[in-house]
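Peer 1: If you read the protein sequences in the order shown, they are chains A and B. So the first sequence is numbered by the working numbering: it starts at 1 and just counts up by one. So the second sequence is numbered by the working numbering: it starts at 251 and just counts up by one.
Any given hint could be a false lead.
Pairwise CB distance ranges, derived in the manner of DEER restraints [unchecked claim]:
#1 B/D824 <-> A/S104: 44 to 54 Å
#2 A/Y132 <-> B/E744: 40 to 50 Å
#3 B/G690 <-> A/S158: 47 to 57 Å
#4 A/P94 <-> B/V849: 57 to 67 Å
#5 B/D713 <-> A/P94: 31 to 41 Å
#6 A/D193 <-> B/E472: 28 to 38 Å
#7 B/E705 <-> A/Q115: 41 to 51 Å
#8 B/E822 <-> A/G16: 41 to 51 Å
#9 A/V243 <-> B/R256: 55 to 65 Å
#10 B/E472 <-> A/D102: 43 to 53 Å
#11 A/D102 <-> B/E538: 55 to 65 Å
Just so you know, these hints were derived from the structure itself, not from any lab. Beta carbons: idealized from backbone N, C-alpha and C, even for Gly.
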Amino acid sequence: MARRTFEVYRGTAAEGKLENYDVEVEPGMVVLDAMFRIQAEESPDLAVRWNCKAGKCGSCSCEVNGKPRLSCMTRISDYPEGESITVTPMKAFPVIRDLVTDVSHNYRANKKIPQFKPRPKDAEDGWRMQQYEVDRAQEMRKCIECFLCQDVCHVLRSHDRHEEFVGPAFMVRTAAFSLNPIDTVDRLEFLKDTGGIGYCNITKCCTEVCPEHITITDNAIIPLKERVVDRYYDPIKALVRMVRGGRKKG
Amino acid sequence: MEIRERHDHDVLVIGAGGAGLRAAIAAQDQGLSVGLVCKSLLGKAHTVMAEGGIAAALGVVRDEDNWRVHFRDTMRGGKGLNDFRMAQIHAKEAPDRVREMEGWGAVFDRTDDGRMNQRPFGGHTYARLAHVGDRTGLELIRTLQDHAVHEGVDVYMECTIIKLFVVDGRIAGALGYWRPTGEFVLFRAKSIVLATGGIGKAWKVTSNSWEYSGDGMAMAYELGAELLGLEFVQFHPTGMVWPPSVRGTLVTEGVRGEGGILTNSEGERFMFRYVPEMFMGDYAESEEEADRWVEGDRVNNRRPPELLTRDVVAKAITSEVEAGRGTPHGGAFLNIAAKRSPEYIKKKLPSMYHQFKELAEVDITQDPMEVGPTTHYVMGGVKVDPETAETAVSGLYAAGEVAAGLHGGNRLGGNSLSDLVVFGKRAGDSAAASAAEQAGLADIPDADLEEAIGESLAPFQRDGGHNPFVVQEELQQVMQDKVGIARTATALEEAIQDIRALKGSLKACSVSGGRAYNPGWNTWLDLHSLLLVSEAVAMSALGREESRGAHTRIDFPETDPEQSNHNTLVKEEDGRMVAVNDPIPTVPDDLQTLIKEGV
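Pulled out of the complex, with its shape left as it was, chain A reads as follows (with noise of 0.2 Å):
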């Protein structure tokens, strides 16, 4: 069995630093592993969120070597022998302590975007929709909110832009209700303003961390700014607008 060397955030968002710890590894181990029994064997007190560790609920995210990852997805015998990994709690959060972080502001994000509602039945046992509808919405519905697509997100982790861009992650879920084929609601304006969806500039960074692999910048956020724009900055339909003496939007 081989050792390897961990370089763990030790601290809260005020003071910490990088505390070393070797830890026995076995074939297939994952970094949340290693975690573990860095809690079992030295620091009881080492702060990890985490659930299913199964990749499916989206908990122990954090940074392995700078890189958004799931702790409980990242194989430790993918990086290469004799070099130590470092295991640093997401950027664009406040630490709470150690690799955890106060992730609230997603949730505070979410409760902005307008509540999907569906239109009438189709039949008395509910509504009539084809897969190939679905699963424009499904892809987006994977979602498994680990907040990394919003760790590496420069408006939020480089311009701090929590309170003017909701972010990728709300994009997604944005998406997931507008491709919803029974959704009646028009969120457009959401977007445009309280949603900020103007401080996106697709770099695509988020769609690459994915651990779901959503395409996100592609196939939620290009879709949704095209239609944003057709309203609000199309110069035919300003005109109109104008002639028409409809407000002056954007």
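Position chain B against the provided structure of chain A, taking the given hints into account.
Peer 2: Same frame as chain A, now just chain B:
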């Protein structure tokens, strides 16, 4: 006084999986003030792990299906120990509970004519599980979570309840602590719904997370509620067995529902040899017949024996391994690649594809998986009234895995998600109705709160004691070795002694560091419930001297018809835990005929 924060609600729901969320929505619908407390972040509860689907006799895929068939399947799957009234309510109400979620935004897989599709599953006569690929639980929890939040339910996340209080004979409140700060918080409420899930964390090989420490069962027991049928712990037949770090991680029954076959090291499809007498004639008798069923002719052929109930399949895999016909890492082969195209597998079982690819470096569209039993679910729990979900404690309700009754000796796959929404709603409705009748909130004496807080902070006062994680590992080893899938009186008696000794170790634990997000301290607090319920499980298992459903006694290998008329009930008597027999309510003649002779 340590408590700086207090919240008052008409109804407090503890636990935010499917049952808790559905209960909160129901109570909120009555126009009351509702608080929802959860140990983790919202949306992370174990419901998210449910993969295969939600069972409801919608009659979409097969017209012949109706509540009577679903009821019969559930009772037969539970080996006659189910509460018949709960099974009846469940089968009748599940279709409405599933359909209403579509109106709240759930997007289920469709049939060609645009209706909700249904998938076959173990023990269900017809294709009955509404599903979303292999992530049905995620769809359910997200739908309920969004609906609850937008309806105005107040959510308290990463808050663990450690004690419940009764004042003047009725539930009055709950004491908890915030995980991020370690500060205490008091909730007062007129009614409380427990939706805290099971106790899977007591075993070493498990599909359950750290949260499943039996908190609800332990807290209810301490107030005088009774624990029913705890010897029935479901070992899901298909958990991952390799690599070691993911041993126990769930492999959905949906793999078998979609045609996956089980083989041993000799390449034999062994399940044909394990069809119990009760189900003779209900399953395919040749591989050819099973193949024709998988290919789509479900009217003229019977389903493959891989779709027998979970207790039967788990025991069959264990027997094959014991007979020396196991896989290299001690399991069975589960092969879907042999029956379905790579495209089909990726479409229908996407998360299984990724799980094996990323964690085990196995491509399930090409190669078989290695699987073996893993602790998954507990059929037993707090005894409740079948209509209202009320426990023996006035004003305290329980729904979902924490409650007992619906599943009897073995739960059918897909019946858990439907249980959550059917009885979650009922518990929320009853809790709200009874809260509305109360004059006001009761005051909880300061002395009681101070005592509870003092006990919970005790390990900080000690130095150099045991590490709580080590005590937890020792308990998991005891439960795995002595209260596992095959049991004996000797091992169970030893386990009870071991658990009592571990309770002593718990008292000698110390915790270092501060109270803010300290997993060592949090685990120490959880261990109190984990040990209490583990002892109740071992005592219940010792009491049932027969093999039935998920409970297997090597020293009593046969099912004893004499023991079909009672459940095991654990309660406190004169300060001691005792296990007694609790007679099963008599099933009315018409339902009895339905169970025996079919629809």
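Peer 1: If a hint holds in the structure, say so; if it doesn't, say that too.
Peer 2: Quick rundown of the hints versus the structure:
1. B/D824 <-> A/S104: 44 to 54 Å: Roughly 47 Å apart at Cβ, these two residues keep to the hinted range, so it holds.
2. A/Y132 <-> B/E744: 40 to 50 Å: violated, 58 Å
3. B/G690 <-> A/S158: 47 to 57 Å: With a Cβ separation near 52 Å, B/G690 and A/S158 satisfy 47 to 57 Å, so the hint holds.
4. A/P94 <-> B/V849: 57 to 67 Å: The hint (57 to 67 Å, Cβ to Cβ) holds, given that A/P94 and B/V849 are roughly 59 Å apart.
5. B/D713 <-> A/P94: 31 to 41 Å: holds, 32 Å
6. A/D193 <-> B/E472: 28 to 38 Å: violated, 51 Å
7. B/E705 <-> A/Q115: 41 to 51 Å: With Cβ atoms ~43 Å apart, the hint holds.
8. B/E822 <-> A/G16: 41 to 51 Å: holds, 46 Å
9. A/V243 <-> B/R256: 55 to 65 Å: holds, 60 Å
10. B/E472 <-> A/D102: 43 to 53 Å: With Cβ atoms ~33 Å apart, the hint is violated.
11. A/D102 <-> B/E538: 55 to 65 Å: holds, 59 Å
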